[in-house]
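Chemist: Take a look at the letters that make up each chain.
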Amino acid sequence: MPDHASTDFHEHETAVRPDDRFDVVRSDDGRWYTVTGLCPTCRATVVFRVAYGVLGPSKRLWGRDPHRPEPLTGSVTVFCQCGYPHAERPPESPDTGCGAFWDVPVSGTGAGQGAAS
Amino acid sequence: MTDLAKKRFAQLGQQLQYDQLSTVRRQAEGWRNGLTGLTGLVGVVFVLKGRESVAGMPGVWRWTTALLLVAAFVLLLAGALCAVRAAHGQLGQGTWLSGERLLAAVLDEVERTQSAVITARRLSIAGLSAIVIAIAVSWLVPVKNAADPAGSGKDGPYVLVVTDRGTECGTLVVGDAGAVTIKQAKAKAESDKEAPQKTTLDDARQWHRIPADDVRSVVPTDGC
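Chains as they are written, first to last, in this note's numbering: chain V, 326 to 442; chain Y, 26 to 249.
Next comes chain V alone, as it looks inside the complex (with noise of 0.2 Å):
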């Protein structure tokens, strides 16, 4: 665990580094994105997945093809899930990172890099 900060758990959303980098992955068939990079607080690699789903009926007409949605734009909060112990983590909490938690812009065609916002 060589790059891993040790930092207490702390829900807080915290400022990227300028010359921090995330790599926005759009998947082949296009329903999910991948997001990696280090998280700005313990500096754990992150990788963090954003799937398509549906809430409710959907409202695409005939023939058009289901498989393939909407590029995502705008951005993507993302959160540590370093999968690293850090104390002060309530043994009730859903999560398995430090608790940081940043946006990352993400490119209209589906795939990129970006700096956090």
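Because the hints were derived from the structure by calculation, they are not lab data.
Wrong hints could be hidden among the right ones.
Selected chain Y positions facing chain V (in silico; Cβ < 8 Å) [as the list claims (entries may be wrong)]:
| id | residue |
| --- | --- |
| 1 | Lys31 |
| 2 | Leu41 |
| 3 | Gln42 |
| 4 | Gln45 |
| 5 | Val49 |
| 6 | Leu132 |
| 7 | Val135 |
Each pair of labels, with its calculated beta carbon distance range [to be verified]:
| id | chain 1 | residue 1 | chain 2 | residue 2 | range |
| --- | --- | --- | --- | --- | --- |
| 8 | V | Ser331 | Y | Gly117 | 47 to 53 Å |
| 9 | Y | Gly117 | V | Pro410 | 42 to 48 Å |
| 10 | Y | Gly124 | V | Ser400 | 24 to 30 Å |
| 11 | V | Glu338 | Y | Arg126 | 33 to 39 Å |
| 12 | V | His335 | Y | Gly124 | 27 to 33 Å |
| 13 | Y | Gly68 | V | Ser418 | 49 to 55 Å |
Residues from chain V that face chain Y, not an exhaustive set, calculated with beta carbons under 8 Å [claimed, not checked]:
| id | residue |
| --- | --- |
| 14 | Arg356 |
| 15 | Val379 |
| 16 | Thr402 |
| 17 | Phe404 |
Just so you know, these numbers come straight off a predicted model, no measurement behind them.
Just so it is clear, CB atoms sit at the ideal spot from N, CA and C, and this is done for glycine as well.
Dock chain Y against chain V, hints included.
Modeler: Chain Y alone, transformed into the frame defined by chain V:
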């Protein structure tokens, strides 16, 4: 300032990636129950329907009603199967249970479930519409009534009346101690062909009264 709600929704989104299939299944169960209730509602609404069968309806409308009911049955059956498939999945469907394959399979199944619900909804609505149209047809189309003495319906009963002068055949109109009155079938048929709207008036003219003293026998027959 930390906006924890943003993180909570991000956490909820992560959780929904695992839960969305069961969420969609529950949603499909709700739709299935709703569609089933809607189908039962037709029986409640039309409990006061006036006719129990298509007998007596003109041939075109009888066949139209029958086809509509058959189509409704097929549509509702297909809709019910789609709804059950959406709520409980396809039998015998499998996938490799690796992480990547399972995620793809879950997303596929979510989409198939949604499609099945939409199809079930469309089929059920079409089937219910067919039932309603069939019932409306049975309400609105005039029916030939065999018991109608005006002759608007099927002729009969036919009788052979044997008299001193010969045998006469026709539809029995009335028979009493004084006479037997029949409507002669051949004359009626010609009258219907020429002027159907004057059937009642023509019927009265075609009645033939045979005094009881002349009658030797009255025999029922299938036709003249």
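Chemist: Report holds or violated for the interface hint on Val135(Y), using the least CB-CB distance to chain V and a cut-off of 8 Å.
Modeler: Because about 6 Å separates Val135(Y) from the closest Cβ in chain V, which is inside the 8 Å limit, the hint holds.
Chemist: Do the numbers back the hint for Leu132(Y), that is, is its least Cβ distance to chain V under 8 Å?
Modeler: Given a least distance of 5 Å, the restraint on Leu132(Y) holds.
Chemist: Are Phe404(V) and chain Y close enough, Cβ to Cβ, to be under 8 Å, as the hint says?
Modeler: holds, 5 Å
Chemist: Regarding Glu338(V) and Arg126(Y), is the given constraint of 33 to 39 Å on their beta-carbon distance met?
Modeler: holds, 35 Å
Chemist: Identify whether the interface hint at Gln45(Y) stands, where standing means a beta carbon of chain V within less than 8 Å of its own.
Modeler: Hint on Gln45(Y): holds, closest Cβ of chain V at ~5 Å, below 8 Å.
Chemist: Using 8 Å as the Cβ threshold, decide whether Leu41(Y) counts as touching chain V.
Modeler: holds, 6 Å
Chemist: Measuring from beta carbon to beta carbon, are Ser331(V) and Gly117(Y) in 47 to 53 Å?
Modeler: holds, 49 Å
Chemist: Kindly confirm whether 42 to 48 Å is satisfied by the beta carbon distance between Gly117(Y) and Pro410(V).
Modeler: holds, 43 Å
Chemist: Given the hint of 49 to 55 Å, is the C-beta distance from Gly68(Y) to Ser418(V) inside that range or not?
Modeler: Between Gly68(Y) and Ser418(V), where Cβ atoms are some 53 Å apart, the hint holds.
Chemist: Does the Cβ distance between Gly124(Y) and Ser400(V) fall inside 24 to 30 Å?
Modeler: Because 25 Å falls inside the window, the suggested range holds.
Chemist: Holds or violated: the hint that Val49(Y) contacts chain V, with Cβ atoms closer than 8 Å.
Modeler: holds, 6 Å
Chemist: Gln42(Y) was flagged as interface toward chain V. Is the shortest Cβ-Cβ separation under 8 Å?
Modeler: Holds. Min distance 5 Å.
Every hint, counting from the list given before, is met by this structure.
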